[in-house]
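Asks: Could you put together the complete structure from these sequences and hints?
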Amino acid sequence: EPEVTQTPSHQVTQMGQEVILRCVPISNHLYFYWYRQILGQKVEFLVSFYNNEISEKSEIFDDQFSVERPDGSNFTLKIRSTKLEDSAMYFCASKRGGSTDTQYFGPGTRLTVL
Amino acid sequence: GENVEQHPSTLSVQEGDSAVIKCTYSDSASNYFPWYKQELGKRPQLIIDIRSNVGEKKDQRIAVTLNKTAKHFSLHITETQPEDSAVYFCAALVGRLYFGRGTQLTVWP
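Respectively, the protein sequence lines represent chains W and L. Heads up: the first sequence begins at 1 in our numbering, then just goes up one per residue. Heads up: the second sequence begins at 1001 in our numbering, then just goes up one per residue.
No wet-lab data here; the hints were simulated from the structure. Take these hints with a grain of salt, some might be off.
Stated by the list, open to error - Each computed PhoX-like pair below joins lysine-lysine, with the alpha-carbon atoms no more than 20 Å apart:
1) L:LYS1071 x W:LYS95
2) L:LYS1042 x W:LYS42
3) W:LYS57 x W:LYS42
4) L:LYS1071 x L:LYS1022
5) W:LYS95 x W:LYS57
6) L:LYS1022 x W:LYS42
7) L:LYS1057 x L:LYS1022
8) W:LYS78 x W:LYS57
9) L:LYS1058 x L:LYS1022
From a predicted model like this one, the values you see are computed outputs, not experimental measurements.
Replies: Structural data, given as structure tokens:
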């Protein structure tokens, strides 16, 4: 069964550095998402992406964040200047289509900002 | 925006007992309610979902009920097993998914 994949599984970076988190959604899916989960807390929506543009973003997704689909398979989240509070697990998700289609989550990237 | 509340935050049951987790939501426009199971260090995995035109859905030992009038929905796990131990998240969809805070379920053998 196809799965969403993410790389790297763990990223350690210094405060102020840029990081790029990578995701490969399921191949026939059209809607892509990034979520984050601070340790021990709920999963929080960051951004949704469809048809090569952002369709919705949360208040967390400020100017430090950007997303891109550079080719037909990858979906990336860039954090330009990381802060300590960006430390979290970042999950990518995708769904095929339709508002109530299931979102399938990737295994996550644990980002640690020192 | 939507606000999803989930209770309890922790739940311990003996193997074979039933477990019930409850969620409420605030936005009557929410029309889809998935439940995700997350084992330690792993991805959230969908275990069951319900759409707003249905009141109840069952899949083997797992069932979900939805009360649109009261804006609450519940997850029921019967005949619990130790491998059911995980964090369970409810969510509501209105444009995007809004998650509850999660319930740590522990099933003791």
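Asks: All hints, please: hold or fail.
Replies: So, going through the hints one by one against the coordinates:
no.: 1; hint: L:LYS1071 x W:LYS95; in the structure: 25 Å, violated
no.: 2; hint: L:LYS1042 x W:LYS42; in the structure: 14 Å, holds
no.: 3; hint: W:LYS57 x W:LYS42; in the structure: 17 Å, holds
no.: 4; hint: L:LYS1071 x L:LYS1022; in the structure: 11 Å, holds
no.: 5; hint: W:LYS95 x W:LYS57; in the structure: 17 Å, holds
no.: 6; hint: L:LYS1022 x W:LYS42; in the structure: 15 Å, holds
no.: 7; hint: L:LYS1057 x L:LYS1022; in the structure: 15 Å, holds
no.: 8; hint: W:LYS78 x W:LYS57; in the structure: 14 Å, holds
no.: 9; hint: L:LYS1058 x L:LYS1022; in the structure: 16 Å, holds
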